[in-house]
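Here is what each chain is made of, one letter per residue.
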Amino acid sequence: MHNKIIQLICILFFTAKCFAQESRIYFYQGKFNSSFGRGDNTRIFEARLIVQGERSLFTMKEEGIHENGLQGNTLNLRPDSMFTVYKDHASQTMLFEFSDFNQRSHWYADTMFPMQWQLIAEEKMIGGIPCSKAVGFFKGRGYTAWYAPSVANSDGPWKLGGLPGMILEAYDDHDYWHLTWVSTIEVQRGFDEVFFQRKLNHDLQGFNGYAAYVKKMFSRLQASMAAQSNAGCVGCQTVPQLKINAWEKID
Amino acid sequence: MLAAFLTQASENVEKETGKQKEHQIENVTVAMGKSNVSLPVLDCSVTLKGKVDLGPIEAEISCTVTDPSCEKAQVTAAACLKSALRLYAGVIM
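Going down the list, the protein sequences come from chains A and B.
In terms of the working numbering, the first sequence is residues 2 to 252.
In terms of the working numbering, the second sequence is residues 13 to 105.
Quick caveat, the hints were computed from the structure, so don't treat them as lab data.
Where hints are given, some of them may not hold.
[Claimed, not checked] Okay, derived cross-link-like pairs now, PhoX-like style, lysine-lysine, Cα gap no bigger than 25 Å in a straight line:
no.	chain 1	residue 1	chain 2	residue 2
1	A	K5	B	K61
2	A	K216	B	K84
3	A	K216	B	K94
4	B	K84	A	K217
5	B	K94	A	K140
6	B	K94	A	K244
For reference, chain A alone in the conformation it holds in the complex (with noise of 0.2 Å):
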C-alpha cells in the first residue's frame, strides 16, 4: 500500500512536469521619444518578450521613477507597462493592450505581422548572434529589424515579427522608438496563458474599434474643454485646441 502511494505521487509529479511548459524571456533595452517628430521626450525603457510555447507576451517598462499627474504644461498619465502585446502563434491572433485616461486597460485584437518584410543583405552580430536584417511598414511608419536566423521564432518586440529568425533589433525610421536585446534566460512559467486565452474568447474589437474609441475619447474632452470656456469666460475668444498624435496611424 505504501509502495502504491509512492509510485502515485512519482506519476503526478512526472506529469505535472511534462505539462509544466518553460519558457524563454527575452530582455531588451532601449528607447522610445512620446513626443515623436514634435520635440524630445525620449525614455530608457527596458522590455521582455516572454515566449511560452506558442504563445508570446511583450511589454516594455519605463527606467526609473515614473510619476503620474500635472507636471508644468504636460498630464502625465502614461502607463507602467506600455506597448503591451499578446500573441498566439497557433491561431494567429494578436492582442494589444491600450490605457485610457483613467489609466484603465482595455485589449483589442490586431493582425499577426501583416508587414511585408524587405530583406536586405547585411549582417550584424547582436550580442554574439549573427543577425541579418529587414525593412518593413507598420501603420504608418518604416522599422528595421535585425533578426537572428538561428534563433527559431518568427517572434519580436511589440507588433512586429513575421521574419525567419527571432527580431533582436528593432527601431523605426526616425529612431524614435529603438529596442535592443540583450539577455535570455528559462525561467519554469513566464506568464497566465488563462487570462489572455480568456480575452480571446470575447468578442474583442479590431484595431479599427480602437481607432475609434482614441478619437471619440479625446472629442469628448474638447467638448469639455470648449463647454467650460464658454461658461467661465465672458467675452473669452480663446478655446484650447486639442490635436491627437498616436505612435499607430489612427486615422
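Starting from the known structure of chain A, arrange chain B on it as the hints suggest.
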C-alpha cells in the same frame, strides 16, 4: 502738422514692434479731409502648448490668443492652457 502726426504715429509703431514676438500688420485707412493716410495696426499673436501624455498616444493642447498687447496675449494664453490642463486633471484624476 500732418507730418508731425505721422512722424509720432510712426515712432509709436516702432516701439510696439520692438516689444512683439510675432505680429500681424494690417493697414488701416484713416480719412483726413480729402487725403487718405494708411497707418499700420499691429496685433500680437501668442500660442502656448501643453500635452496629455498617454505613452503611445499624446494629445497636444494649444491656446492661441491675439491681442494688441503681447503681455496680455501671453497672460491670457497661459491662463487658457492652465485651465485646460486642470480641467483634464480634474476630470481624469
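To see whether the hints hold, each was checked on the structure:
The hinted pair formed by A/K5 and B/K61 fails the criterion: a straight-line CA distance of about 75 Å is larger than 25 Å. For a cut-off of 25 Å, the pair hint linking A/K216 to B/K84 is broken: about 33 Å separates their Cα positions. With a CA separation close to 23 Å, the supplied pair A/K216 and B/K94 stays within the 25 Å bound. Only pairs whose Cα atoms come within 25 Å are accepted, and B/K84 paired with A/K217 is rejected, the gap being roughly 34 Å.
For the given pair, B/K94 sits about 33 Å from A/K140 by alpha-carbon distance, which is inconsistent with the 25 Å threshold. Of the pairs offered as hints, the one joining B/K94 and A/K244 holds, with about 17 Å between alpha carbons and a cut-off of 25 Å not exceeded.
Consistency with the previously given hints fails for numbers 1, 2, 4 and 5, ordered from lowest to highest.
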